[in-house]
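Between the sequences and the hints, there should be enough to build the whole structure, so can you do that?
Just so you know, the sequences run in chain order A and B. Here the first sequence is numbered in the working numbering, starting from 5 and rising by one per residue. Here the second sequence is numbered in the working numbering, starting from 5 and rising by one per residue.
Keep in mind that a hint or two might mislead.
To give an idea of the chain A side of the interface with chain B (calculated C-beta under 7 Å), a few residues [unchecked claim]: (1) L42; (2) D325; (3) Y330.
Just so you know, these hints were derived from the structure itself, not from any lab. On a predicted model such as this, the values are computed, not experimentally measured, just so you know. Don't be surprised by glycine CBs; every beta carbon is placed ideally from N, CA and C.
Protein chains: 2
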Amino acid sequence: VFPYDRLLIATGARPILPDIQDLSLPGVHRLHTMNDGLHLRRSLDDHRAQSAVIVGSGYIGLEMADALTHRGISVTVMGRSTVVLPTVDAVFGRVVESELRTHGVRVESAAEVQAIVQDRARLRVESALTKVSADIVLVGAGVIPNAEIGAAAGVPGGIKGALRVNRRMETNLPHVYAAGDCVETWHRVLRAYTYLPLGTTAHKQGRIAGENALGASREFEGSMGTQVVKVFNLAIARTGLRDTEAQEAGFSPFTVETEQLDHKAYYPGARRLSIRITGDRKTGQLLGAQILGPWQAEVAKRIDVFAAALYHGMTVEGLNDFDLSYTPPLGSPWDAVQMAAQTWCQAERVTYQKSVGN
Amino acid sequence: VFPYDRLLIATGARPILPDIQDLSLPGVHRLHTMNDGLHLRRSLDDHRAQSAVIVGSGYIGLEMADALTHRGISVTVMGRSTVVLPTVDAVFGRVVESELRTHGVRVESAAEVQAIVQDRARLRVESALTKVSADIVLVGAGVIPNAEIGAAAGVPGGIKGALRVNRRMETNLPHVYAAGDCVETWHRVLRAYTYLPLGTTAHKQGRIAGENALGASREFEGSMGTQVVKVFNLAIARTGLRDTEAQEAGFSPFTVETEQLDHKAYYPGARRLSIRITGDRKTGQLLGAQILGPWQAEVAKRIDVFAAALYHGMTVEGLNDFDLSYTPPLGSPWDAVQMAAQTWCQAERVTYQKSVGN
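Below is the structure:
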């Protein structure tokens, strides 16, 4: 028993495990703790695995597919969703599938795993439609909050059972804070709580809980679900809401995809970025953005420019007022994010404003 | 004679030419118009120039030093300033000088050019201290506004003679707009007019003048002097005010330089970024930032994150609230710009708050 003046619940989350037997078979790995990673690496070194099945086609699964392929291992990704990387629009997910296949990864989508069975020295992963054998199996299929300790103490559970906190990261219990993957997260664009377990968010929440526990008075300013993942030669990034998410939240979303060069075409090595902007057609408000492009074409920091605009509730048109940097090898006088914004505005005018006779 | 309903003065700027004879010698090139560029390239091809002197060590001069060196030409840069690239702090300028020398460029700083003379088939550029001979000479030493037409029509001239406009890009004359390198520019951080001839600014001002001429009512939101330049393997970027500029403008600036990795050290290829943040120690307001690092380490778009924060008048501390993207190959859970902001806040507390007994 430890007495406390202030208590922080930072119990994190744990991997969702498919509802199947035999997850304890040797050669089946989870991807959660540092030790899971060290254990996997040792196992790869010791057993010279030549093939792997990855269960889960989200960002963790795809990062592992990239990493294992670089180690010379033959990889199959099996995911429940119809297209990989379901956190971005399917049109981007399909480009990612193609990138995976180009690098020799077998992709089995819409494949709910039903069993993992020992198959002599190997493991066989079975879905309704397909059976894939490999030396090792990695399970990376999302997480659920470790809310049990908080719940037992009387903190109510919200979305997916995550602990309820306010924006000061206080629970309902006096002097008890909670932060990170075990709590509900304030979403800045939705103006509502959601469950978004991300390292960036956990860092921010922990800092705010800690400062408040020491007497400060700060509020968590909210997550916008900003994310980026590298898959072979691509980076895929998002921030804010996608069209369907915005629709569900009561906005009037309009989404436009455009292709922009990362820098001036006359300077060697210009690369194509696909940029999808979602804005509200009633207010012009920026709601979200997604970018797909070569991973060294500043995709990650370009989504951050959208994230900064979103943070401040700017309109799509307002992005053009940002004084962004320019030099021919690295950008354009209107950066790609601004040209995408201009395209959105034009398309919005053509699609909606003309139709009502303006 | 052309009558008009609305008139836009977009006469741009012209190169400042050193106050010396013989700028008309064959082999002396200006770097202003597209034709100047085409003429230079033809001249390089025809005469197989093997050496060049570049007069001017600002960003145009250094970009040319990079480009000509890549063509196999031996380059000397002669600049008036004591360190190259005087638009960033000297500590960065010295790193750039070292980068130039590493790539074989001779750098003559504090060298005011006094004469260019024909020296048999070559040209000799002379300053008080040094004489350098080369096959060609490029002059890239800044610009002055082409304000004559506007001035003759009665538009008053301001800083460096640039035409005075309001934030709607209107001159004092009815129905006459002016925009681009010929006008004074509203500076968003200074809350005052300045002369900042940049392509990014000219594009924005032209768009606003054009919209207003057609009946809209928009204001130019201001420049913050955001810039980036690539010099060999480095990118050097800035936005907002430097310490001395902030001091002159009446702020209480405090500048902290930190070194940050562009992405997590455990993922191969992490690179060091030097980040200088200038903030106001009375209000905590972000005033400006400078970044120097490898040109492919997302330096350009990282300065844009600072620019977005600056646009909204955020505090340095406030940068930590931005929900920025993260994946180990491309960033950290706190991005480098946020870790630099945290270092600024700590240093500010240690330096000032402790000293007054808080």
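Hint-by-hint comparison with the structure:
Among the interface hints, the one on L42/A is violated; its C-beta lies about 12 Å from the nearest C-beta in chain B, farther than the 7 Å criterion. The beta carbon of D325/A is positioned within 7 Å of a beta carbon in chain B (closest approach about 4 Å), and the interface hint is therefore held. A cut of 7 Å between beta carbons decides the hint on Y330/A: the least distance to chain B is about 5 Å, and the hint holds.
Violated hints amount to a single one, hint 1; each of the other numbered hints is respected by the structure.
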